[in-house]
Amino acid sequence: MTTTARRRWTREIRSEVDGIAIHPEGPVLLHGYDPPAGGMWLDDVIPGKLGALDRHTGETLWLAPCEVGYGRGFGAGFGAENDLVVLGPSANGHRIVRMSLTDGQLMTAASIEPFDVALVERDVCICLTPNRIFGLMTDALTEAWEYSREGERFHHIGRWGSHVFVVYTNTNTGKQGVLCLEAGTGDFSHVVLSPVQDMIHELAVGAGALVISTADILGLLTPEAMQTYLSALSAHDESATADTLSLVALGHEHQSGDAPLWHEVLGCAPVDDLPDLRVHSNNDKLYLMRGAWLEVRDMLTGRALGDWTVPGLDESVAWTVCDGAGFLAEETRVSIFELPA
0 MTTTARRRWT REIRSEVDGI AIHPEGPVLL HGYDPPAGGM WLDDVIPGKL
50 GALDRHTGET LWLAPCEVGY GRGFGAGFGA ENDLVVLGPS ANGHRIVRMS
100 LTDGQLMTAA SIEPFDVALV ERDVCICLTP NRIFGLMTDA LTEAWEYSRE
150 GERFHHIGRW GSHVFVVYTN TNTGKQGVLC LEAGTGDFSH VVLSPVQDMI
200 HELAVGAGAL VISTADILGL LTPEAMQTYL SALSAHDESA TADTLSLVAL
250 GHEHQSGDAP LWHEVLGCAP VDDLPDLRVH SNNDKLYLMR GAWLEVRDML
300 TGRALGDWTV PGLDESVAWT VCDGAGFLAE ETRVSIFELP A
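Going letter by letter, the sequence shown gives residues 0 to 340 in numbering that gives the first Met the number 0.
No lab work stands behind these hints, which were simulated from the structure alone.
Certain hints may be false.
What the hints assert, rightly or not - As a list, the in silico DMTMM-like pairs of lysine to aspartate or glutamate whose alpha-carbon atoms are at most 20 Å apart: (1) K174 <-> E201; (2) K174 <-> E237; (3) K284 <-> E223; (4) K48 <-> D33; (5) K284 <-> D271; (6) K48 <-> E15; (7) K48 <-> E11; (8) K174 <-> E149.
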């Protein structure tokens with residue numbers, strides 16, 4: 000029986016929240032903005048603000064103006080020197096800024112190229128656009144590398160250790176796959192999954208495995224797995240001939256022709272009838288979010304570890320997990336839920 004996740008605390012926020020981050024040991028961060036009256040603003044960017052809350056109590060530690068505002072692209076995380084890093088649009092183009100984790104004081108800032116998605120790590124911030132991926136040094140705020148290749152478009156990124164995994168499209172065929180880059184240099188490493196899928200919706204990366212959500216996975220399976228796949232289709236719909244939403248787990252060194260670590264058919268209904276699915280990984284666990292329902296799996300085996308209803312998850316603007324703390328942001332409210340670490 001599904002139970003409701005235990006809420007450790009919740010706080011109402013006067014501003015609208017558009018981004019969050021959570022420190023493994025320290026505070027949680029929330030980035031927000033004050034929406035202009037009538038929803039009208041002359042510039043492309045609405046000025047932002049950044050706050051830090053105690054992860055155990057929700058007490059406000061500090062609140063400060065932020066050079067990064069609300070607009071195209073956002074990323075936030077933590078550096079190696081008791082600092083935090085935020086990157087995104089500003090009144091003067093896209094910027095990356097370092098601020099003190101203690102009190103929110105601005106330490107330094109630099110102009111950067113626009114981006115759509117960013118991962119902030121202690122050593123490098125990895126930014127993605129459809130045509131280019133680039134890495135910024137987290138301490139120096141300078142561009143360290145870039146990757147682009149003719150005939151490729153990029154969609155999702157995830158990192159584990161020294162590797163960055165990228166969902167990409169072969170523009171000649173329109174099919175999608177997964178490639179791997181070196182996190183420190185941006186050098187191409189290898190293709191994990193050749194571009195054979197019509198669409199890869201989500202990507203989650205953990206120790207030893209990455210999980211994609213996709214459809215029509217028959218071509219990714221070995222002959223030995225065919226019967227299991229057909230039985231799963233029949234369990235969902237006896238007349239189904241293909242899946243429309245499935246999970247597939249691949250090893251970091253997976254090559255075309257290798258068997259997946261595990262797979263599971265989630266649905267065979269028409270795509271428009273399927274619930275939205277989001278995936279996240281932390282501490283070798285895979286978190287599946289559908290509406291307000293959250294399920295936790297073992298990343299390497301797919302084994303179910305538990306499931307909960309999380310109030311507000313279906314209305315969330317941002318969600319992340321770190322060491323058993325689920326950090327949820329709705330438009331004007333943030334909450335911490337207790338989950339298995």
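These are the hints, each one checked on the structure:
no., hint, in the structure
1, K174 <-> E201, "15 Å, holds"
2, K174 <-> E237, "28 Å, violated"
3, K284 <-> E223, "27 Å, violated"
4, K48 <-> D33, "9 Å, holds"
5, K284 <-> D271, "28 Å, violated"
6, K48 <-> E15, "10 Å, holds"
7, K48 <-> E11, "15 Å, holds"
8, K174 <-> E149, "15 Å, holds"
In terms of the numbered hints stated before, the structure departs from hints 2, 3, 5, listed from lowest to highest.
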